[in-house]
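So that you can map any letter, position 77 of the sequence shown is 77 in this note's numbering, and since no number is skipped, the others follow by simple counting.
The set of hints was computed from the structure by calculation and includes no laboratory data. Heads up, a few of these hints could be off.
Claimed, not checked - Label-pair restraints from in silico Cβ distances:
1) 102 x 77: 17 to 25 Å
2) 81 x 37: 27 to 35 Å
3) 31 x 71: 18 to 26 Å
4) 83 x 45: 39 to 47 Å
5) 94 x 57: 51 to 59 Å
6) 10 x 64: 16 to 24 Å
Backbone N, C-alpha and C define an ideal beta-carbon position, used for all residues, glycine too.
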Amino acid sequence: MAEYGEWTRKGATLSDTTAQAEYGVSRDFIIEGIEAAKLEYRPGAIWGNPYLRILRSQLERYIAEELGEGYLAKVKSQTELRKIKKEISDLKKQLTALQDRKAALEESLKVSQATESCHGPRPTASGREAEDRACLG
1 MAEYGEWTRK
11 GATLSDTTAQ
21 AEYGVSRDFI
31 IEGIEAAKLE
41 YRPGAIWGNP
51 YLRILRSQLE
61 RYIAEELGEG
71 YLAKVKSQTE
81 LRKIKKEISD
91 LKKQLTALQD
101 RKAALEESLK
111 VSQATESCHG
121 PRPTASGREA
131 EDRACLG
């Protein structure tokens, strides 16, 4: 039996499709667990497509009973490794984009500083003549 509030806790439930992807079990395996009263489920539908919502803790317990603790540990490690690799890839893309933006901003600052030194504000007439001579060479 599910604990109080387990159905509403974030990450505590998953669909049969997600269970197939994360744990490598078939829909038939999940249905066998439901029929054996090892898994509780709630039916759902998204855009008219039906799915089964099951509790992650019960599914992991059922997998450990049927397929062994070693299988469960291996599959969970593979899933975590896949998520970590994806996050690293996303961070590399974000870093590349930030480095490109940084280079563009630095370049625009160099250009604006070069033009400002020759065409910037000139407070006095004598200062203006000195700057004009410096810019002209």
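Going through the hints against the structure:
no.: 1; hint: 102 x 77: 17 to 25 Å; in the structure: violated, 37 Å
no.: 2; hint: 81 x 37: 27 to 35 Å; in the structure: holds, 33 Å
no.: 3; hint: 31 x 71: 18 to 26 Å; in the structure: holds, 19 Å
no.: 4; hint: 83 x 45: 39 to 47 Å; in the structure: violated, 27 Å
no.: 5; hint: 94 x 57: 51 to 59 Å; in the structure: violated, 34 Å
no.: 6; hint: 10 x 64: 16 to 24 Å; in the structure: holds, 23 Å
Of the numbered hints given earlier, the model fails hints 1, 4, 5; all others are met.
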